[in-house]
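There are 2 protein chains.
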Amino acid sequence: MTGTILSIGDELVLGQTVDTNSAWLSQQLAAIGCIILRHLTIGDHQLQIESALRESAQLSDVVLISGGIGPTEDDLTRQALASVMNEPLELNATWLAELEKFFSQRGRPMPPMNRIQAMIPRGASMIFNHAGTAAGIKTTLQRSDGKPCRVYVMPGVPKEMKKMFQTSVLPELQARSGGAVILSRTLHTFGLGESAIAERLGPLMHRDRNPSVGTTVSAGVVSLRINSRFDSMQRASDELARIESECRSALGDLIYGQDEQTLQEVVANQLFEINARLSAGATPYTVTTAESCTGGLLAKLLTDLSGSSGYFHRGFVTYSNEAKADLLGVDPQLIQQYGAVSEEVAKAMALGALDRAQARAALAISGIAGPTGGTPSKPVGTVCIALATVDGSAPQVHARTFLFPGDRDMIRDRSAKMALTMLRFHLLGKPLPF
Amino acid sequence: MTGTILSIGDELVLGQTVDTNSAWLSQQLAAIGCIILRHLTIGDHQLQIESALRESAQLSDVVLISGGIGPTEDDLTRQALASVMNEPLELNATWLAELEKFFSQRGRPMPPMNRIQAMIPRGASMIFNHAGTAAGIKTTLQRSDGKPCRVYVMPGVPKEMKKMFQTSVLPELQARSGGAVILSRTLHTFGLGESAIAERLGPLMHRDRNPSVGTTVSAGVVSLRINSRFDSMQRASDELARIESECRSALGDLIYGQDEQTLQEVVANQLFEINARLSAGATPYTVTTAESCTGGLLAKLLTDLSGSSGYFHRGFVTYSNEAKADLLGVDPQLIQQYGAVSEEVAKAMALGALDRAQARAALAISGIAGPTGGTPSKPVGTVCIALATVDGSAPQVHARTFLFPGDRDMIRDRSAKMALTMLRFHLLGKPLPF
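Sequences listed follow chains A and B, in order.
Residue numbering for the first sequence follows the working numbering, beginning at -3 and increasing consecutively.
Residue numbering for the second sequence follows the working numbering, beginning at -3 and increasing consecutively.
Any given hint could turn out to be false.
Restraint-style ranges between C-beta atoms, simulated for each label pair [said to hold, decoys possible]:
no., chain 1, residue 1, chain 2, residue 2, range
1, B, ASP204, A, ARG203, 48 to 54 Å
2, A, ARG203, B, ALA272, 55 to 61 Å
3, B, GLY402, A, GLY425, 37 to 43 Å
4, A, THR368, B, PHE98, 18 to 24 Å
5, B, ALA278, A, ASP249, 51 to 57 Å
6, B, ASN206, A, ARG205, 53 to 59 Å
7, B, ALA276, A, ASP249, 50 to 56 Å
8, A, THR368, B, ILE31, 37 to 43 Å
Everything labelled a hint here was simulated from the structure, so no lab data went into it.
Ideal Cβ placement from N, Cα and C applies to all residues, glycine included.
This is chain A alone, in the form it adopts within the complex (with noise of 0.2 Å):
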């Protein structure tokens, strides 16, 4: 089964609202195994909305159209619905006593212009609308090649939408799949770039596989999506476990989490359980950072989580060379040696921090965030990063340089994140693979 997914609005097309309903409506038809061929959006144009339902219902098995449907004058899907189908439009009695009663329950009579909501083309079937006064509409078009195209026509309110999708559209849909499902995770990576990520999965991304895998990267963040394509539920849920087993044997712990996780969110459970499997009374494990040009992120991402009091007690924020003396006990000499930002300062922070802070590890950052202040040894995006660790005897701390990409925002998220991503490699017990 083929889809098209049609949105009927001028505040669509002029990008006054972002069109989330055909995201929501092509995660419900890949769920029941229909392959989305296109997302089409057109303004409140009659002859517009004909054509664009004309050629969608040419390609497709399905057109599932939201928006257009509202009682003003800019509201035309159900007139170029008729006329696509040859069709006058007709009253629909049952709506039209929906409608009245909806108005009356309200204490108000219903407003003339309300009446053409009850307007259905010959031929067509009324859907029940619960959340609205919006009936939707649905019929058969038949194709050149002969094959039928079923058209449903829903309101554009998210919220209408999707309760007129759910209650009356999907069954009807279900019943047609004939049992296709598709399957998806998404595995998240962070530290590697798309290429690289792309070449350890080699034959695995291959086109036209099923499973198919996929790279797409997000805010640093290189995740792989895996969908899974088969008749079955068991088949699509047993070849999406294998080859998400595949992709996690060639990346390892490059992977940090999956679908919804956030590194920030795995980091976090990781101390929660170290500090779960500590016996009563014991010390906390307790992070603190130290933060120059990332200026507060790293610390406000360690508290991203509801409970991150349990592992993480204080922060510094040390903008100025002063206050790395002052607030982590840097030597000002380190810094006039080899500049705030550097390996060797950049350890001092950590250092200080761990021990003002009296925790376990403190992860510090001193980098060049931009669009000033680079040269030539030390261009913009270039970041140091320390984490310095404490287990009963003497600390130890490690650094490294990095050259981050992007604009300001982008370096300082780059560099929050690496910091992140060194932790956890250590709370693994395992070197950074890169």
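Given chain A's structure and the hints, the job is docking chain B onto it.
Here is chain B on its own, set in the frame of chain A:
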């Protein structure tokens, strides 16, 4: 001028990612009077991209494409464009050199698969990417009516796409658009709800006015969007200025900024100006932070702008009660008596930070970001914010308690924005207007 926006990516048609590029590009096109005919979203299938490109080019004067120019096998937009142009892909030496420089600066060899990102169809031109490894592509296709259709291919990553559009595509399109003009201005407020803002604007928001005024809400910021649509640039500009001035009269200092300005940028600019007015050698005006529930977010916002070291030297993340005592000198008795989330403790935090940082202003935040930790008298969302300032004589401090709606992220975001707002009004020499 008519335009079509084409978004490429399996993650979009599968609904795994909501397409925000199309809405953003539409706003940009609308602002220069371009009529957007449709948005079209296609998966990573070369033949489908080709037919979508062909049909879009037939309809439009401009086709903007985003996505499908990454380095992996499922990135097929450049191949589809080459096929529609009936030309081979050729290596672009300029971009190859940029790519090699990009990787060598990061101390690693260019992965062989990235080479494809320097391939451009013969006869097309390369568009420089200032924020990533994928070069853009521009070319002109001939329509069957003999008219040209200008095609621009940009990355799918929103940040890279926006930068490329503004730098290289928009200036070309502006030169091509003649006639009808839509000018827009967005004014931002924080602190009052959408309906309170709408009430103050009154008839300015009536439908069918030109210029029109509408409100949108995003992350607590209530924004007014003014659209002025006229045949001449002069008229559109004059009318926009007139309505903007009426909106500003109605809302006064509730408006903190316009268009792309963020609240933190506006506050940073206030601080830059204060310091620019100081005589040489004078101690700069500096701000410090003492954060509990926001965990570093406020400091992060205050350091979002390059040059923030002029007014921000250090900040304190005091998540635990012990940290509040150690780092800020808050009397544990005070916490015992009033609770950590109280105006008394917030004031003590602000005064302690002011003193220890030797700053001119200190913002302190203590609250219950949830989802756990709420009580009947202090439910989740309860946040106390204090501002301490000193101007020669004894420090002044005041505090306010807010109840913010939403989840943990929202509560932390609103808390930090409200703290910035308290500082903004203090620097304006005015009381908080709500």
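Could you see if the CB distance from A:THR368 to B:ILE31 stays within 37 to 43 Å?
41 Å, holds
Could one say that the CB atoms of B:ASN206 and A:ARG205 fall in the range 53 to 59 Å?
Holds, at about 54 Å.
CB of B:GLY402 to CB of A:GLY425, is that within 37 to 43 Å?
38 Å, holds
Whether the CB-CB distance between A:THR368 and B:PHE98 falls inside 18 to 24 Å:
Since the Cβ atoms of A:THR368 and B:PHE98 sit about 21 Å apart, the hinted range of 18 to 24 Å holds.
Supplied distance hint 51 to 57 Å, evaluated on CB atoms of B:ALA278 and A:ASP249
53 Å, holds
Within 50 to 56 Å: is that where the Cβ-Cβ distance between B:ALA276 and A:ASP249 falls?
54 Å, holds
Between A:ARG203 and B:ALA272, does the beta-carbon spacing fit 55 to 61 Å?
58 Å, holds
Can the suggested window of 48 to 54 Å be confirmed for the beta-carbon pair B:ASP204 and A:ARG203?
Given about 51 Å between the Cβ atoms, the range holds.
The structure fails none of the hints (numbered hints given earlier).
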